[in-house]
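Taken in order, these protein sequences are the chains called D and C.
Final position of the first sequence in numbering that gives the first Met the number 0 is 422; the numbers increase by one with none missing.
Final position of the second sequence in numbering that gives the first Met the number 0 is 140; the numbers increase by one with none missing.
Treat the hints as calculated values from the structure; they're not laboratory data.
Built from N, CA and C at the ideal position, the CB exists for glycine as well.
There may be inaccurate statements among the hints.
[Stated by the list, open to error] A short, non-exhaustive set of chain C residues, derived as facing chain D with CB atoms under 10 Å:
#1 D10
#2 V12
#3 V34
#4 F35
#5 L41
#6 C42
#7 G43
#8 D44
#9 K45
#10 K47
#11 G62
#12 C68
#13 L102
#14 A109
#15 R111
[What the hints assert, rightly or not] With a straight-line Cα cutoff of 30 Å, these simulated DSSO-like cross-link-like pairs (lysine-lysine) come out:
#16 C:K24 - D:K163
#17 C:K24 - D:K420
#18 C:K86 - D:K420
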Amino acid sequence: MVDTKVVETEAGTRPFDIQSIRRDFPILEELVNGKPVVYLDSTASSLRPEPVIEAMLEYYHKSNANIHRGVYRWSDEATFKYERAHGKVAWLLNAKSRKEIIFTRNATEALNLIAFTWGKVNIKAGDEIVSTIMEHHSNIVPWQQLAAEKGATVRYIGITEDGKLDLSNIDEIINEKTKLVAVTHMSNVLGTINPIIELTKKAHAVGAIMVVDAAQSVPHMPVDVQALDADFLAFSGHKMCGPTGIGVLWGKRELLEAMPPFMTGGDMIRSVTLEGSTWNELPWKFEAGTPAIAEGIGLGAAVDYLQAFGMPALRSHEIEITRYALGQIREIPDITIFGPRKAEEKGGVISFNLGDVHPHDLATMLDREGIAVRAGNHCAMPLTDYLDVPATTRASFYLYNTFEEVDKLVDALHKARRIFKLA
Amino acid sequence: MSEIRDDLDMDYVLELAHNFDVELKNHKVDDPTVVFEDSNPLCGDKFKIQLRLNDEGVVEDVGFSGRGCAISRASAYLLSDLMKGHKADEVIEITRDQLIDELGIEITSAVRLKCAGLALRTAKKGLVIAGRATEPAEEEE
């Protein structure tokens, strides 16, 4: 674990003071239509604090150069910062080594990387891949494509009425034909936190690998890859206070070593002759071409930012604000809430519908009140179909959201009942 | 934008959407000339349109099924008024901006523009695929 010792700060040293946190996000001072924005769409993309923006600016201002190339000072500094960002992510995840941390564009690319490399070699005709109906499209479609190419089958774990995975027939779904199990750690629609440790044991018992879509969990709760014992875990930087265009694939080192490369070309090469090539060491083997250097450095700064509070502190705040919001929203007539009913069992995500008001109409009306929510199928069409609704409205919370903002949402929903003639 | 203005906007759109639900939604067109379904991938809304054209190519009857938000239903209602009694070549010239003008609201969101254009796109594509009109020169995104 030597190479994860890259951090200047200790986790959990900064007090969780919401007013001081909000001052780190200058965008919260912006007015739209003369009103401050109540940003309740961090599940789609979080806001970014000043230290993250500054870290990227500093790279451009002070050490702008390509990495792994030059012997001059700027390139050296850029390389150091970019590599150190991998170490910071390893620290956040309690990974054994930064060699297990591959930077991708986003969680989607990370999941595709597994399908195109591990899947290419290991999935055969007649094999089964297991996913769930609550997945984001990015944890369904790569497996469908892989299965179609190989003559394999994708099977899906269903959900219960309260939005949890239905594990009643799990030993039938995960069976000796199963080669890969791909499950979200936290649903981006229902907020459900899934039992990854239990599912990983099931997968490993039949010789399958476990892939975790952690796009919603890593930004919001402690995630320890060694404790989960899954084989791959994917997430995006932009949902955790980091920049867009950078994401992470964590994988067990022995699996990554055995896999063929994803894309080939610059930076992932050890040697090239006209007869063939050999690959660079991990993680660079999977980072072909000049990467998103500023974004990688920005992601490292985002890890520092979150770790200063400590992930348990973020999780506590989100449980509190979600509990408060669930209690308030539940009292509004004509509201249907989807997903687990207890804040402890879910992330800071509440998907709901108001009577038969179309979520797009509701979201437009809320926008005019200065409240940003998401409306639609949230890239989870199979789940929306299962819930038997055209779409849902989703409010989600992060470290900068306050109880007062929940009150504004609730007031606006009462107003919506009048506007849409429900009251 | 003041709050009062917004509410009035919504009232008119809701009234048109209500008219759509009562008069057009699930209205079955006898012997339809055009039957076509299209959807908005951003939100999953979809309309199936049925049109009956007479021998001169004039739209005689319009029916819709499917699901949509208030803006998409309201614009479908206005569109059906604009189509009835007009030839397919005239229908193909109708623009989304025209419908938005008639809705009397300001739509700035790219997502909501798609809502306002869903019925029109479905009608135009249906007419073209059925060979009743030629593709308009420039399709709005």
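Status of each hint after checking the structure:
no. : hint           : verdict
1   : D10            : holds (8 Å)
2   : V12            : holds (8 Å)
3   : V34            : violated (21 Å)
4   : F35            : violated (19 Å)
5   : L41            : holds (6 Å)
6   : C42            : holds (5 Å)
7   : G43            : holds (5 Å)
8   : D44            : holds (6 Å)
9   : K45            : holds (9 Å)
10  : K47            : violated (14 Å)
11  : G62            : violated (19 Å)
12  : C68            : holds (4 Å)
13  : L102           : violated (13 Å)
14  : A109           : violated (12 Å)
15  : R111           : holds (6 Å)
16  : C:K24 - D:K163 : violated (35 Å)
17  : C:K24 - D:K420 : holds (20 Å)
18  : C:K86 - D:K420 : violated (38 Å)
Taken one by one, the earlier hints fail for this structure at numbers 3, 4, 10, 11, 13, 14, 16, 18, listed in ascending order.
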